[in-house]
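Asks: Take a look at the letters that make up each chain.
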Amino acid sequence: MTSPNITSTDSMRHVVIPVAAVLAVLGIALSSSGYVVTLIGFAAIYGVFCTGLNFFMGYTGQASFGQNAFAALGGYGSAILTANYYWDPVLALLVSMVLSGVIAAAVGYPTLRLRGHYLAMATFALGLITYEISIEWNSLTQGYMGLSGIPPLGIGKYELVSEKHQLVVLTLVMLVGVWVSVRLRDSRFGRALRAIAGSEAAANALGINVARYKLAAFVVAAVYASVAGSLFAHFVGFISPEVFGASMVILSFTMLYLGGVGTTWGPIIGALIVSLLPEVLRGLKEMQDVVYSVVLIAILIFAPRGLSGLSVLFPRKQTGQTKQAEKNA
Amino acid sequence: MIDLTQILQSLVNGVGVGLIYGLVGIGFCVIYNASGIVNFAQGVFVMLGGMVCHTLLTRLGVPLVVAAILSVPVVAGIGMIIEICVVRPMWNRGAALFAIILATIATQIMIERITILTLGDQPRTFGEFTAGGPLKIANIAISYQLFWILGCGALMVLLLFLFFTKTKAGRALRACSQNREAAALLGIPVHHMLLLSFALSAGLGAVAGILVTPTQYTAFNVGTPFGVNGFIAAIIGGFGSAGGALAGGVLLGVAQAAAIVVFGAGFKNVAALSMLLVVLLMFPQGIFSAFKSGGKGH
Amino acid sequence: MTVLSVKDVTVRFGGLVANDAISFDVSEGMLAAVIGPNGAGKTTLFNVISGAMAPTSGTVRFNGEVITGLPQYEVSQKGLVRTYQLVQLFKDLSVRANIMTGFHRVTKGGVLAALLRPRWFKEQEARIAARTEELLDFVGLRAVADMEADKLPYGQQRLLEVARALAAEPRLLLLDEPAAGLNMQETAALADVIQRVNSQGVAVVLVEHDMQLVMQIAQKIVVIDFGRKIAEGDPAQIKAHPEVIAAYLGGTEGLDD
Chain Y
1 MTSPNITSTD
11 SMRHVVIPVA
21 AVLAVLGIAL
31 SSSGYVVTLI
41 GFAAIYGVFC
51 TGLNFFMGYT
61 GQASFGQNAF
71 AALGGYGSAI
81 LTANYYWDPV
91 LALLVSMVLS
101 GVIAAAVGYP
111 TLRLRGHYLA
121 MATFALGLIT
131 YEISIEWNSL
141 TQGYMGLSGI
151 PPLGIGKYEL
161 VSEKHQLVVL
171 TLVMLVGVWV
181 SVRLRDSRFG
191 RALRAIAGSE
201 AAANALGINV
211 ARYKLAAFVV
221 AAVYASVAGS
231 LFAHFVGFIS
241 PEVFGASMVI
251 LSFTMLYLGG
261 VGTTWGPIIG
271 ALIVSLLPEV
281 LRGLKEMQDV
291 VYSVVLIAIL
301 IFAPRGLSGL
311 SVLFPRKQTG
321 QTKQAEKNA
Chain W
1 MIDLTQILQS
11 LVNGVGVGLI
21 YGLVGIGFCV
31 IYNASGIVNF
41 AQGVFVMLGG
51 MVCHTLLTRL
61 GVPLVVAAIL
71 SVPVVAGIGM
81 IIEICVVRPM
91 WNRGAALFAI
101 ILATIATQIM
111 IERITILTLG
121 DQPRTFGEFT
131 AGGPLKIANI
141 AISYQLFWIL
151 GCGALMVLLL
161 FLFFTKTKAG
171 RALRACSQNR
181 EAAALLGIPV
191 HHMLLLSFAL
201 SAGLGAVAGI
211 LVTPTQYTAF
221 NVGTPFGVNG
231 FIAAIIGGFG
241 SAGGALAGGV
251 LLGVAQAAAI
261 VVFGAGFKNV
271 AALSMLLVVL
281 LMFPQGIFSA
291 FKSGGKGH
Chain X
1 MTVLSVKDVT
11 VRFGGLVAND
21 AISFDVSEGM
31 LAAVIGPNGA
41 GKTTLFNVIS
51 GAMAPTSGTV
61 RFNGEVITGL
71 PQYEVSQKGL
81 VRTYQLVQLF
91 KDLSVRANIM
101 TGFHRVTKGG
111 VLAALLRPRW
121 FKEQEARIAA
131 RTEELLDFVG
141 LRAVADMEAD
151 KLPYGQQRLL
161 EVARALAAEP
171 RLLLLDEPAA
181 GLNMQETAAL
191 ADVIQRVNSQ
201 GVAVVLVEHD
211 MQLVMQIAQK
221 IVVIDFGRKI
231 AEGDPAQIKA
241 HPEVIAAYLG
251 GTEGLDD
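Protein chains in written order, with the numbering used here: chain Y, 1 to 329; chain W, 1 to 298; chain X, 1 to 257.
Just chain Y, same shape as in the assembly:
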């Protein structure tokens, strides 16, 4: 909100406490063993992905089931450029980002004109197409085998060899991602998006080019997804088509819904909780996807506003988006 009356309690609630919580989690992770570090790392990566998804769904009120396509683009882009062509990871990440944005614009332009089930199916198809291509384009992607030997993040000669060092960077990237999304939301651009979520008719009447702004939001979400894909590739050092398959869609929506669609920190909280589930459910390792699906269905049925529906946990300043998202969702 750019309203002039931001009080210190507001900034406490919206900035200081969440950031402190994130740093606390980081601290705990850094003093823990390898497995926890990995899980928290995943949480940060998915936090980036879900923040982008939230931008498109929560703020703009649109639906896409195919954001995994752009994560795959980012992941494969980074993997191929760094492992095969020895590019600098940061450069590869940026190039993949731009590529994803351009492709999102090209694909989104016709697709976002669709509505309802058609839009849902078309976006879902984007994810499926990318998945199929990543399997079939053997010479580039090694098919089912996946790509390995992807170097960790780093600049020039500095490689973040240790997982803990990488985790710090991932957390920072995630925080920057949240910061960017808030900055975009609280601006003329963000207001136009929220207008579209609220009423396309009214947005039109106020001179907002609805199609263009939807596309812009789609591109923003795709760029987030791409960054998440790149980070994943470097963090794990290996990617395969399955990483960015349909279960990624379910996983990310579980996180987003659990945390609360349309809230600033909800996606991050959701990403953290869901990423830690495997640790909690150690015995259910093979059941993971089943559990995620069940959790998602249960949330959709019983608590469509996610944890943010519990107003005790969340300040209610952004109620607007929350309920809007629920309605559009």
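Do not take every clue at face value.
Covered stretches of chain Y, as calculated for chain W (at least 3 residues, CB under 8 Å) [unchecked claim]:
hint: 1; segment: 19-32
hint: 2; segment: 110-123
hint: 3; segment: 128-136
These aren't lab readings, by the way, just hints derived from the structure by calculation. A quick note: this is a predicted structure, and the numbers were derived from the prediction, not measured. Backbone N, C-alpha and C fix where the C-beta goes; we use that ideal spot for every residue, glycine too.
Knowing the structure of chain Y, use the given hints to seat chains W and X on it.
Replies: Here is chains W and X on its own, set in the frame of chain Y:
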């Protein structure tokens, strides 16, 4: 060089698989007409049909005919469970379209994973319904299974037609598809109709899955391609009529078979999905604009 | 100078003629009204003027420029801003946030500006904030500025929609049945706001059902019936017009209720 035999052969194959798409497409329409919901888990019924039939066949050792006939009600039952446990609570709450779609996608993933855990991830198949064959007409092989698919497809359409026109439940279901509020006012239990539509739709999917398995294979992940292709068939057919979906399926099957001859099999699914996008983008309002009520909102 | 010029606008839906060669002009700063019995074609005409619908034939000019066939957002960008018969508020946003959204047309900046926040961006945001407070006062919604829009009583929702449209600094404000569903007090408050808007030099066209409101505030009235324009003039002329009397006495509404 592609010769005539090859083309005709692929046409024959295309018709077979296209009819299967058509059956799946009809399944989409049955639920959509009753509820305005597009069940994204439709393909899972095809997978279950094949898997359940194979399981009955191998683990219980019952004859194929018995296994096939038993599988259909089992899968229809699973369809009803999905309606009761997933769709109905959301439907009652007036949940948004998008949330219901997401829930059906989650259901599909859940069922696929449970299938891996219980039955394994290996592809499997069983023999054609009638041994022998294929029938050879001037170098073109027509498997006997194709006749089964043709016959059963025709039978399904006939049964559906009779059901929708001759039975009380069928007529009630049709009334729902025309106007749910009015149907409710007339005392038609709309909820039961939604349940019925899921049972029917799942049963149809199962029949499709059982019929197609001998011609290729079934595995936990065959649901999505069949679902997507069934959806395209339904769109081509105008998302309302059974005959239209069947015709749409055949058209799609033949087009894909032709594409495989021309481009090779590797990118078969990519081609199908691209075709989906093309169809969607060229007919955003539905080919016969029968999709209008579903086209609103997000 | 003529702000809005409607010329021979005809709209056919199949065999039905919703608008039959309707023409009228609205000059700068004028408060005009289009009235007619239910089903006379008012809403169709309104949609054509606002760019939501293209006419079968005929043209609409705004500031001398043909706007027929332009997408609605482009028409709005030119300064012809409409409201909706069924209020289209951003329900879950606060009253204040609703108004802030209205400034889209008269502000600039996209993704880059939002990220980098140069000096002009901050100044612009400050201007928006200040102007929002003025508009809250203008329509009398300051007390409920932080409330969610859909928690407002209906009358205030209408006022909010007008305030949001005013944020876009329209040259012509099109109001679609603004008094529909309002009680007497609410209608009076609305009439007051409309008149004050007009007195600031903004031309207003309202398509309205409420005769009393129209007779009280409009300077020029266009009457349509069965898709045709049957009369045009000031309130006194309209009251005395035989065809108008026939159309209305034939219906259920009187002219002097």
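Asks: Go through the numbered hints given earlier and state which of them the structure violates, listing their numbers in rising order.
Replies: Result: hint 1 breaks, nothing else.
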